Amino acid sequence: MFEFTGRLKTLSYILILIGIISVGASFFTGRGHDEAHHGHEGTEHHEADGHHTEGHGDAHHGKDEHHAEDQHKADHGGSHHDDHHNSEYFEEHKDNFNYHKSASRATPDNNHYHRTMAEAHVDKEHLHHQMANKPWANLLVNNFFFLAIALGALFFLAIQYAAQAGWATLILRVMEAMSQFLVIPVMIMLLLVVTGVYHIGDNHLWHWMQEGIMDPESPHYDEIIAGKEGYLNGPFYLLRTLIYLIGWVGAAMLLRRMSLKMDRGGDVAAQWKKMRNLSAGFLVFFAVTSSTSAWDWIMSIDTHWFSTLFGWYTFAGIFVSSLTVLTLIIIYLKSKGYLEDVNENHIHDLGKFMFAFSIFWTYLWFSQFMLIWYSNIPEEVTYYMARFGEYKGLFFLMLAINFVFPVLVLMSRNTKRNYGFLVTAGIFIIIGHWLDVYIMVMPGTVGSLWSIGLVSIGTFLGFAGLFILVVFRSLAKAPLVSKNHPMLLESKYHHI
Amino acid sequence: MSSTTDHKVIINALYDDDDVLLKGVKDVRAKGYHVEEVYSPFPVHGLDHAMGLAPTRIGTAAFFYGLLGLSTAIAITYWMMIVDWPMNIGGKPSFTWGYNMPAFVPIMFELTVFFAAHLMVWTFFFRNGIYPGRKRLNPDPRTTDDKFLMEVELTGDREELMTLLKETGAIEISEKTDQNA
Chain V
1 MFEFTGRLKT LSYILILIGI ISVGASFFTG RGHDEAHHGH EGTEHHEADG
51 HHTEGHGDAH HGKDEHHAED QHKADHGGSH HDDHHNSEYF EEHKDNFNYH
101 KSASRATPDN NHYHRTMAEA HVDKEHLHHQ MANKPWANLL VNNFFFLAIA
151 LGALFFLAIQ YAAQAGWATL ILRVMEAMSQ FLVIPVMIML LLVVTGVYHI
201 GDNHLWHWMQ EGIMDPESPH YDEIIAGKEG YLNGPFYLLR TLIYLIGWVG
251 AAMLLRRMSL KMDRGGDVAA QWKKMRNLSA GFLVFFAVTS STSAWDWIMS
301 IDTHWFSTLF GWYTFAGIFV SSLTVLTLII IYLKSKGYLE DVNENHIHDL
351 GKFMFAFSIF WTYLWFSQFM LIWYSNIPEE VTYYMARFGE YKGLFFLMLA
401 INFVFPVLVL MSRNTKRNYG FLVTAGIFII IGHWLDVYIM VMPGTVGSLW
451 SIGLVSIGTF LGFAGLFILV VFRSLAKAPL VSKNHPMLLE SKYHHI
Chain Y
1 MSSTTDHKVI INALYDDDDV LLKGVKDVRA KGYHVEEVYS PFPVHGLDHA
51 MGLAPTRIGT AAFFYGLLGL STAIAITYWM MIVDWPMNIG GKPSFTWGYN
101 MPAFVPIMFE LTVFFAAHLM VWTFFFRNGI YPGRKRLNPD PRTTDDKFLM
151 EVELTGDREE LMTLLKETGA IEISEKTDQN A
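Here the protein sequences come in this chain order: V and Y. Following this note's numbering, the numbering of the first sequence begins with 1 at its first residue and continues without gaps. Following this note's numbering, the numbering of the second sequence begins with 1 at its first residue and continues without gaps.
One should not assume that every hint holds.
[What the hints assert, rightly or not] Cut-off 25 Å, straight-line C-alpha distance, at most; resulting in silico cross-link-like pairs (BS3-like, lysine-lysine): (1) V:K334 with V:K483; (2) Y:K23 with V:K492; (3) V:K352 with V:K492; (4) Y:K31 with Y:K166; (5) V:K477 with V:K9; (6) Y:K31 with Y:K176; (7) V:K492 with Y:K166; (8) V:K274 with V:K261; (9) Y:K26 with V:K392.
Hints in this document: simulated from the structure, not taken from any laboratory. Remember, predicted model here, so these are calculated numbers, not experimental data.
The whole structure should be built from the sequences, with the hints applied where relevant.
Next comes the structure, spelled out in structure tokens:
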């Protein structure tokens, strides 16, 4: 039986403390911006634009200010363009422009759709929202990433039961423990949704929640967004998040309880069959809700934009990050002398999963990207234009970490059986998929004001601490192996 | 004739179950005999390990075949679509490979798979000496149906080996005859 004590526990408390400080600091400094901004109310847009660099104390913004401003102007159409800026912008991007012209590609400037849609917003207000969004977006990125890890573990657990898989029986308890974490990020998600819908604390993560955006009389009116009112409206949105909460967390808790009941003996076969039925039902529920939750929480940030593949693309990211964390936890437990029946064949299989789903993620990423790139329809391509602008370096770095790295490192059979290689690849996959979530969320919420600094890392560490605390406490509460499981023997003799 | 003296004497042991065969191979090798070859109607899991065969290098070969396919795809798309006959397809940049790369990814993927798969099969055929008109090596046609055959080189006492093979569960034991193949 695993005992959760000592350094790991201390570490988790320290990490949680770091996280609380980071989140607190982000909201506190965010508020500081807010006041500063209100102080300038009524001044020209250019001044407001200038000052957004003042308060940051963040080298990134100083450096990129010019670029950010240009980008911002370009984003919001011609009203603020003057010759000076235009020519400078042109000089800077001359090659790009010639190339764009000859290739008749969409750019912020020739993209009529992009411009007219953006013109509908008042620049100053938009910028204010982006700044106020920084702490919220940071929370959303990290929260969604850890939600993904717990949710992916629950999905994998349900797959094992529904498919009557034998090989993984020895590691089911680890998946169970990971899925117990789910309740925390889903509750935080609910908090984010509630603050967004009721406009609490300057949360403007989801653009369609803006007041008056669906009202034809309002200056904020946006015809396209108004057309989506049937799905994207406050009550239904809240209801959906509640349904996810109940369905997912309910399944996680029930599966856990049934698994513990199995330990106490009785009619194990009947219990196992009940778990199978529950898992099968959950998988149907998950098939729908994994897509809809991705639309709700992530895709509706870029409200105009849509992609039919988005749910699956997000799911692929969810699953591969979760498998990676599962592998890392098992390797940790083995290195501490637990799970002695888990042999290199189980580890090899987990390595295969990490490898295969990294490629699966890339496949879906590319499928989504290539169709949009090839058709080059303005309303679709805006999504990637935002990501090829301010986020270009991060975007390609993320792609390299998530595809090239796992493919090359985990391709060989020997590396999939080697803890060192698996841990290295695992850490990179986690960083890569965190960046993936970051790039999904940030362009639509904070635009050019992004920065990965102490706050982002601190929040990540805080969630990691919370995750460690909950997961390892669950692990310590029950034996690491379900001793009455009907497939235990098969797992013990698993050989590939 | 001298041929009988410098010939290896090969004993064929026939089995009717793959698990029994697998255990037989292990037992025979544990006694210090050399298992020349095993014939089986289907791949038996773990048999290569039990026979002490060197790990296959086909994976490494496949990687380089894939690399070759990828390079070929890059070369032909570059030559055909950029150098030799640039075409304006949907306004995509037809004069630079790099910017047009996403359009070529399906080709790169397909040729990587094509080269890796085909060359792996041909490598397998070549390494195993399988080609049309090859004289058959299989000593017993029943191994293509439901029997398994193990060839053991006779070293030491003949009776001892025979008893050992019987003990491992062989249903038929005979000496290999058509040695000149």
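Structure-based check of all given hints:
no.: 1; hint: V:K334 with V:K483; in the structure: 18 Å, holds
no.: 2; hint: Y:K23 with V:K492; in the structure: 20 Å, holds
no.: 3; hint: V:K352 with V:K492; in the structure: 19 Å, holds
no.: 4; hint: Y:K31 with Y:K166; in the structure: 14 Å, holds
no.: 5; hint: V:K477 with V:K9; in the structure: 15 Å, holds
no.: 6; hint: Y:K31 with Y:K176; in the structure: 21 Å, holds
no.: 7; hint: V:K492 with Y:K166; in the structure: 32 Å, violated
no.: 8; hint: V:K274 with V:K261; in the structure: 12 Å, holds
no.: 9; hint: Y:K26 with V:K392; in the structure: 58 Å, violated
Checked against the numbered hints listed earlier, the structure breaks hints 7, 9; every other hint is satisfied.
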